[in-house]
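S.K.: Be aware that the sequence shown starts at 1, since it is given in UniProt numbering, and climbs by one per residue.
Each hint should be verified, as a subset may be incorrect.
[As the list claims (entries may be wrong)] In the DSSO-like style, the derived pairs of lysine-lysine whose C-alpha atoms are separated by at most 30 Å in a straight line are:
no., residue 1, residue 2
1, K169, K19
2, K169, K81
3, K62, K171
4, K62, K44
5, K169, K62
6, K171, K81
7, K62, K94
8, K19, K94
9, K171, K44
10, K120, K81
11, K25, K44
12, K120, K19
13, K81, K62
14, K171, K19
15, K94, K169
16, K120, K44
17, K81, K19
18, K25, K81
19, K94, K120
20, K25, K62
21, K44, K81
22, K62, K19
23, K44, K94
24, K81, K94
25, K44, K19
26, K171, K120
[To be verified] So the derived label-pair ranges between C-beta atoms look like this:
no., residue 1, residue 2, range
27, R135, D80, 34 to 40 Å
28, G98, T119, 27 to 33 Å
29, E148, T119, 29 to 35 Å
30, I60, K19, 18 to 24 Å
31, L179, R20, 37 to 43 Å
32, E6, R37, 23 to 29 Å
33, G117, R37, 30 to 36 Å
34, A65, M1, 30 to 36 Å
35, A14, I60, 34 to 40 Å
36, S4, L167, 39 to 45 Å
37, G39, E6, 23 to 29 Å
Hints were generated in silico from the structure; no laboratory data involved.
By construction, the Cβ of each residue, glycine as well, lies at the ideal position given by its N, Cα and C atoms.
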Amino acid sequence: MVYSREELLDIVAAQMPAKRWEHVKGVMETSVILATRFGGDPVKADLAALLHDLAKFWPIEKQEAVMIDNGLNPELLEYDKQLLHAEVGAFIAKRDYGVADEEILDAVRYHTSGRVGMTKLDKIVCLADYIEPGRSFPGVDTIRELAEHHLEEALIAGFDSTITFLLEKRKQIFPTTVLSRNDLIRQLGRDVKHIKMIN
(Lines of atoms letter the chains of each structure in order from A; the text may use other names.)
(Lines give C-alpha, C1' and ligand atoms only; values in the text may rest on other atoms or scores of the structure.)
Protein backbone atom coordinates (compact mmCIF):
# COMPACT_ATOMS: atom_id res chain seq x y z
CA MET A 1 0.00 0.00 0.00
CA VAL A 2 1.23 3.48 -0.87
CA TYR A 3 0.44 6.23 1.62
CA SER A 4 -0.15 9.89 0.82
CA ARG A 5 2.04 12.60 2.30
CA GLU A 6 -0.83 13.61 4.59
CA GLU A 7 -1.18 10.05 5.86
CA LEU A 8 2.57 9.80 6.40
CA LEU A 9 2.53 13.01 8.43
CA ASP A 10 0.11 11.39 10.87
CA ILE A 11 1.97 8.07 10.89
CA VAL A 12 5.36 9.62 11.60
CA ALA A 13 4.03 12.05 14.24
CA ALA A 14 2.54 9.09 16.12
CA GLN A 15 5.97 7.42 16.35
CA MET A 16 7.62 10.07 18.52
CA PRO A 17 7.24 12.66 21.29
CA ALA A 18 5.96 16.11 20.38
CA LYS A 19 9.41 17.68 20.76
CA ARG A 20 10.95 15.30 18.23
CA TRP A 21 8.04 15.93 15.86
CA GLU A 22 8.88 19.63 16.01
CA HIS A 23 12.44 18.69 15.05
CA VAL A 24 11.18 16.64 12.10
CA LYS A 25 9.08 19.55 10.89
CA GLY A 26 12.13 21.78 11.19
CA VAL A 27 14.18 19.36 9.10
CA MET A 28 11.41 19.25 6.49
CA GLU A 29 11.31 23.04 6.25
CA THR A 30 15.10 23.32 6.12
CA SER A 31 15.44 20.53 3.55
CA VAL A 32 13.06 22.30 1.19
CA ILE A 33 14.99 25.56 1.62
CA LEU A 34 18.31 23.82 0.93
CA ALA A 35 16.91 21.94 -2.06
CA THR A 36 15.66 25.18 -3.56
CA ARG A 37 18.95 26.93 -2.81
CA PHE A 38 21.23 24.25 -4.21
CA GLY A 39 19.22 22.89 -7.13
CA GLY A 40 17.78 19.79 -5.48
CA ASP A 41 14.28 18.34 -5.63
CA PRO A 42 12.16 20.03 -2.93
CA VAL A 43 9.44 17.35 -3.08
CA LYS A 44 11.89 14.52 -2.50
CA ALA A 45 13.70 16.54 0.16
CA ASP A 46 10.43 17.13 2.00
CA LEU A 47 9.49 13.44 2.01
CA ALA A 48 12.95 12.18 2.97
CA ALA A 49 13.05 14.68 5.83
CA LEU A 50 9.60 13.62 6.98
CA LEU A 51 10.76 10.00 7.18
CA HIS A 52 14.29 10.49 8.49
CA ASP A 53 13.51 9.83 12.17
CA LEU A 54 10.67 7.36 11.61
CA ALA A 55 12.24 4.71 13.88
CA LYS A 56 14.21 7.04 16.19
CA PHE A 57 12.06 6.37 19.25
CA TRP A 58 11.50 2.67 18.74
CA PRO A 59 13.04 0.61 21.56
CA ILE A 60 16.64 -0.27 20.73
CA GLU A 61 15.79 -3.95 21.07
CA LYS A 62 13.13 -3.57 18.37
CA GLN A 63 15.54 -1.72 16.10
CA GLU A 64 18.17 -4.41 16.59
CA ALA A 65 15.62 -7.12 15.84
CA VAL A 66 14.66 -5.44 12.56
CA MET A 67 18.34 -5.15 11.64
CA ILE A 68 19.13 -8.78 12.43
CA ASP A 69 15.93 -10.37 11.12
CA ASN A 70 16.23 -8.60 7.78
CA GLY A 71 19.97 -8.82 7.25
CA LEU A 72 20.53 -5.06 7.34
CA ASN A 73 24.03 -3.56 7.60
CA PRO A 74 25.59 -5.66 10.41
CA GLU A 75 28.48 -3.22 10.92
CA LEU A 76 26.06 -0.71 12.47
CA LEU A 77 25.36 -3.09 15.35
CA GLU A 78 28.96 -2.68 16.54
CA TYR A 79 28.69 1.09 17.02
CA ASP A 80 26.50 3.65 18.79
CA LYS A 81 22.89 2.48 18.83
CA GLN A 82 21.79 5.96 17.70
CA LEU A 83 22.93 4.95 14.21
CA LEU A 84 20.39 2.16 13.87
CA HIS A 85 17.26 4.25 13.38
CA ALA A 86 18.36 5.54 9.99
CA GLU A 87 18.79 2.08 8.48
CA VAL A 88 15.66 0.75 10.18
CA GLY A 89 13.63 3.79 9.15
CA ALA A 90 14.52 3.38 5.49
CA PHE A 91 13.60 -0.30 5.62
CA ILE A 92 10.26 0.34 7.33
CA ALA A 93 9.40 3.21 4.98
CA LYS A 94 9.79 0.85 2.04
CA ARG A 95 8.25 -2.30 3.52
CA ASP A 96 5.36 -0.86 5.49
CA TYR A 97 4.57 2.47 3.87
CA GLY A 98 5.19 1.87 0.19
CA VAL A 99 8.02 4.34 -0.34
CA ALA A 100 9.72 3.00 -3.45
CA ASP A 101 12.02 5.85 -4.49
CA GLU A 102 15.51 4.58 -3.67
CA GLU A 103 16.94 8.10 -3.69
CA ILE A 104 14.56 9.08 -0.90
CA LEU A 105 15.23 5.86 1.00
CA ASP A 106 18.99 6.38 0.73
CA ALA A 107 18.66 9.92 2.07
CA VAL A 108 16.87 8.46 5.10
CA ARG A 109 19.39 5.62 5.40
CA TYR A 110 22.47 7.85 5.35
CA HIS A 111 21.24 10.98 7.11
CA THR A 112 23.20 10.13 10.26
CA SER A 113 26.36 8.45 8.99
CA GLY A 114 26.77 9.89 5.53
CA ARG A 115 28.41 7.72 2.88
CA VAL A 116 31.05 7.94 0.19
CA GLY A 117 29.43 9.36 -2.94
CA MET A 118 26.56 11.14 -1.21
CA THR A 119 23.88 12.35 -3.59
CA LYS A 120 22.65 15.92 -3.45
CA LEU A 121 19.53 14.70 -1.64
CA ASP A 122 21.66 12.80 0.90
CA LYS A 123 23.62 15.98 1.59
CA ILE A 124 20.53 18.15 1.89
CA VAL A 125 18.74 15.96 4.42
CA CYS A 126 21.90 15.28 6.43
CA LEU A 127 22.73 18.98 6.61
CA ALA A 128 19.14 19.97 7.40
CA ASP A 129 19.24 17.56 10.35
CA TYR A 130 22.21 19.53 11.70
CA ILE A 131 20.91 23.05 11.18
CA GLU A 132 17.11 23.05 11.48
CA PRO A 133 15.94 25.99 13.63
CA GLY A 134 15.51 23.96 16.81
CA ARG A 135 19.10 22.74 16.89
CA SER A 136 21.44 24.28 19.44
CA PHE A 137 24.99 23.04 19.87
CA PRO A 138 28.48 24.59 19.76
CA GLY A 139 29.26 25.61 16.20
CA VAL A 140 25.77 25.33 14.73
CA ASP A 141 25.69 29.01 13.77
CA THR A 142 28.91 28.58 11.79
CA ILE A 143 27.38 25.64 9.94
CA ARG A 144 24.26 27.68 9.22
CA GLU A 145 26.38 30.51 7.83
CA LEU A 146 28.23 28.12 5.54
CA ALA A 147 24.92 26.62 4.41
CA GLU A 148 23.88 29.98 3.00
CA HIS A 149 26.30 29.44 0.11
CA HIS A 150 28.19 26.14 0.37
CA LEU A 151 26.39 22.80 0.70
CA GLU A 152 29.45 20.57 0.89
CA GLU A 153 31.50 22.88 3.12
CA ALA A 154 28.61 23.20 5.56
CA LEU A 155 28.22 19.43 5.66
CA ILE A 156 31.95 18.95 6.26
CA ALA A 157 31.63 21.33 9.21
CA GLY A 158 28.69 19.28 10.45
CA PHE A 159 30.66 16.06 10.29
CA ASP A 160 33.57 17.81 12.02
CA SER A 161 31.27 18.75 14.89
CA THR A 162 30.07 15.15 15.23
CA ILE A 163 33.58 13.73 15.12
CA THR A 164 34.84 16.29 17.65
CA PHE A 165 31.96 15.48 20.01
CA LEU A 166 32.63 11.75 19.80
CA LEU A 167 36.35 12.26 20.36
CA GLU A 168 35.67 14.36 23.45
CA LYS A 169 33.33 11.66 24.78
CA ARG A 170 35.89 8.96 23.92
CA LYS A 171 33.27 7.14 21.87
CA GLN A 172 33.78 5.02 18.80
CA ILE A 173 33.47 6.87 15.50
CA PHE A 174 31.60 5.05 12.76
CA PRO A 175 34.21 4.73 9.97
CA THR A 176 31.74 5.65 7.23
CA THR A 177 31.34 9.12 8.74
CA VAL A 178 35.08 9.77 8.47
CA LEU A 179 35.12 8.39 4.93
CA SER A 180 32.15 10.59 4.05
CA ARG A 181 33.90 13.69 5.34
CA ASN A 182 37.08 12.86 3.43
CA ASP A 183 35.11 12.18 0.26
CA LEU A 184 33.41 15.58 0.49
CA ILE A 185 36.81 17.25 0.78
CA ARG A 186 38.00 15.32 -2.27
CA GLN A 187 34.91 16.46 -4.16
CA LEU A 188 35.94 20.05 -3.53
CA GLY A 189 39.40 19.25 -4.85
CA ARG A 190 41.25 20.80 -1.95
CA ASP A 191 41.52 20.95 1.80
CA VAL A 192 38.81 23.17 3.22
CA LYS A 193 41.20 25.32 5.21
CA HIS A 194 39.11 28.44 5.37
CA ILE A 195 36.18 26.89 7.24
CA LYS A 196 35.96 28.42 10.69
CA MET A 197 36.96 26.02 13.40
CA ILE A 198 34.00 24.88 15.49
CA ASN A 199 34.59 25.50 19.16
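S.K.: All hints are to be evaluated individually against the structure, with a verdict given for each.
M.R.: Hints versus structure:
| no. | hint | verdict |
| --- | --- | --- |
| 1 | K169 with K19 | holds (25 Å) |
| 2 | K169 with K81 | holds (15 Å) |
| 3 | K62 with K171 | holds (23 Å) |
| 4 | K62 with K44 | holds (28 Å) |
| 5 | K169 with K62 | holds (26 Å) |
| 6 | K171 with K81 | holds (12 Å) |
| 7 | K62 with K94 | holds (17 Å) |
| 8 | K19 with K94 | holds (25 Å) |
| 9 | K171 with K44 | violated (33 Å) |
| 10 | K120 with K81 | holds (26 Å) |
| 11 | K25 with K44 | holds (15 Å) |
| 12 | K120 with K19 | holds (28 Å) |
| 13 | K81 with K62 | holds (11 Å) |
| 14 | K171 with K19 | holds (26 Å) |
| 15 | K94 with K169 | violated (34 Å) |
| 16 | K120 with K44 | holds (11 Å) |
| 17 | K81 with K19 | holds (20 Å) |
| 18 | K25 with K81 | holds (23 Å) |
| 19 | K94 with K120 | holds (21 Å) |
| 20 | K25 with K62 | holds (25 Å) |
| 21 | K44 with K81 | holds (27 Å) |
| 22 | K62 with K19 | holds (22 Å) |
| 23 | K44 with K94 | holds (15 Å) |
| 24 | K81 with K94 | holds (21 Å) |
| 25 | K44 with K19 | holds (24 Å) |
| 26 | K171 with K120 | holds (29 Å) |
| 27 | R135 with D80: 34 to 40 Å | violated (19 Å) |
| 28 | G98 with T119: 27 to 33 Å | violated (21 Å) |
| 29 | E148 with T119: 29 to 35 Å | violated (21 Å) |
| 30 | I60 with K19: 18 to 24 Å | holds (19 Å) |
| 31 | L179 with R20: 37 to 43 Å | violated (28 Å) |
| 32 | E6 with R37: 23 to 29 Å | holds (26 Å) |
| 33 | G117 with R37: 30 to 36 Å | violated (22 Å) |
| 34 | A65 with M1: 30 to 36 Å | violated (23 Å) |
| 35 | A14 with I60: 34 to 40 Å | violated (19 Å) |
| 36 | S4 with L167: 39 to 45 Å | holds (43 Å) |
| 37 | G39 with E6: 23 to 29 Å | holds (27 Å) |
The structure is inconsistent with the numbered hints 9, 15, 27, 28, 29, 31, 33, 34, 35, although it conforms to all the rest.
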